[in-house]
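With chain A fixed as given, assemble chain B onto it according to the hints.
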Amino acid sequence: MAAAFGLRTRLVIAFLLVAAVSAVTTAALTYREARSAVLVRAQDTAVASFREEVEQFVPELPLDPDALRWYLYDIAARAKPHPWIVFAEYGSLRASSGDRPVSGVVTAELRRAALTSPHGSFERVVKDGSAYLTIGMPVMTRIIAGGRAVPSGLVLFAVMPMTNEEVDIDGLVTAARDGALPGLAVALVPALLAARSVLRPVRALRRAAHSMGGGRFDTRIPVHGRDEMADLARTFNESAARLEDSVQELRDAGTRARRFASDVSHELRTPLAGMLAVTDVVDEDAGALSPDTARAVRLISAETAKLAVLVEDLMEISRFDARAAELNTDEVDAAEAVRGTLSGRQWLGRVHAELPDGLRIRLDPRRFDVVVANLVGNALRHGAEPVTVRLSARGGALITEVHDSGPGIAPDALPHIFDRFYKADTARSRSSGSGLGLAITEENVHLHGGRVRAENPPGGGALFTVELPFEGPASPGGETDGRPSAQSGSGPADSRDRTGATT
Amino acid sequence: MRRPAFPGRRAVPVAALLALASGPLAGCGIQETDVIEAGGPAVADLLPPREGRVLLFFFSPDDALLPVPRIVETPWPNGGSGTVGPDGSVHTDEPSGQDGLGGSSPAGGAADESLSPLAAVTALLAGPDAAERRAGFRNAPSLPRTASAVDRIETDGSTVVVTLRLRVAGLTGPARDQIVCTAAYAARAQGAVSVSLAGQEGRLAPADCPVRAVPVQAR
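Which chain is which? The protein sequence lines are A and B, in order. The number in our numbering is simply the position in the first sequence, starting from 1, with 728 added. The number in our numbering is simply the position in the second sequence, starting from 1, with 728 added.
Pulled out of the complex, with its shape left as it was, chain A reads as follows (with noise of 0.2 angstroms):
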């Protein structure tokens, strides 16, 4: 319901409203005047001179009809300041200057304070559309001269029709409309530039918001003068630099946590390979010790060959976080990259794929290896054979779905499968993998800019599904988009000889 009005137009609607109201006020109130003037010039001349005109003709009394139709003829002939009608009632004669004796326009109240009060009076009457002044004028007499008067019974009426007072007024009203009306128009403009005054802060305001929105938290607005506009940019100039101060002491935290697990990793890789290269020795030799000797001999080794497995996973973890991952891409051929996978890891017998031929795509065939040997190798590890790879193109993406026929994905696991060390499974805490690779995986995949998620269909088992665009990612920042970069080159120094599946 909310009226679309920007804050401009409301602003400039309620400056034109004022504007009109106080217009239009003005004007009425002018007319008001204006009117009253002219009507009561108007009447009072007409009072004063019929009371004047009255005044030199009164005649003998008691009154002949006749010489009192000649007085009244006389008194009309003066009329100021315009034509009268003149009537007069003495006793029960009557008397006009018109055709009629009695007047149609004198109302009875008016004849009664003329017949009951020794004073002039006057009233307006609207008859017909017409405006008439109407004047009773009693006539009084000195009964000697200059001295003391009674009523002597005559009372004389004048009807006057105020044409020319109409005419007068309505052209006030001409005037009045045409001066509020070029006056509006003429509001307009100190409206508008009202408008823009303070329009033009929040416009800043707005701005900078977007700014700070998109990360640059060293935004800041010109503070100009004192009023309302200036505390609140003063106001928001404040927050924006306590948010900016907070927002560096995370990303300082943030990357202090990030670079000691890469330098932690990075520590344990030199003394790990050097285990390495022992526990294979020991290995071979392992069946000229006793059985238990052999068998601790044996545990170490595996464990130590995890600790590296989870030691690279680490890094390349660390890699990531710290933006340093790099898309070497290459053209392939999306079966063969899958079918070298499978291959490489003695998996094509266990695996059921189908890769249909000519599905080229611009990827990291390295990252691609990970992403699949990752989602195979989990599929093996905690579904259930038999496990199919399965390879097609829909809507600008290669999809590679991994279906195995486990009892799939708890629900309450599913948001978090892709999470770091997450186990969906709790009871084998100790799996064999490092508990990073579907993390990696899907880092891998979003570098692509793609996009992977797991589900349990309607079948059974659990669904991986993998998407990547044919035309690589959309820039290089992937699904990063908008996040700060300013790590980039902390990373620990690149590794490209990472080598199998881990999970």
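Keep in mind that the hints were calculated from the coordinates and are not lab data. Treat the numbers as computed from the prediction; the structure is a model and nothing was measured. Backbone N, C-alpha and C define an ideal beta-carbon position, used for all residues, glycine too. Some clues are possibly wrong.
[As the list claims (entries may be wrong)] To give a feel for the contact side, a few chain B residues facing chain A, derived at Cβ under 8 angstroms:
1. Gly768
2. Gly898
3. Val944
What follows is chain B alone, placed relative to chain A:
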């Protein structure tokens, strides 16, 4: 940007503004008015002048007590017999000229400009003449029609005493007012004197004429 309940909030001030603006606008053109007093009445000297008329007080058709000048055909330079009214209903063989204080003076010396109160009251009792009747003037019903009902008029201190040959208690208020006013204005130019009516059974308390001469501004 959310603007909850925008029209409802805006409607109230808009209505108020419109009401405010329409107040002064109410009624273009010329409006009717009530009856408005505007200055005094028209004032003129009563014609004919005092020397040539008496003021008789009759009732108008609207029951207003009004002074009606009756032209005296014979001027009244000094005390003498005068004929009041064109119909000649009253012939006063009044020996006395009336002095300004209204008493009937046997000396008949100083001539007053007014006719004697006796002549005026006698003329009043004779009733309105033809012209006056045409204008609707009449006597109060209880006023005796006989001009001879008035016996004498004399001044008793500051009171004019009108003695009638009838029972004054039988006169209604309007009838008494007619006699009082006529006698008062005949006795005093401005009518400012109390008049007591006396009859066969006694004398009524002095009364003032209800039609008072009021000062009017000179022009």
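Cross-check of the supplied hints:
1. Gly768: OK, holds: B:Gly768 within 8 angstroms of chain A, min 6 angstroms.
2. Gly898: Since the shortest Cβ distance to chain A is 27 angstroms, the answer is violated.
3. Val944: B:Val944 check passes; min Cβ-Cβ to chain A is 5 angstroms, inside 8 angstroms.
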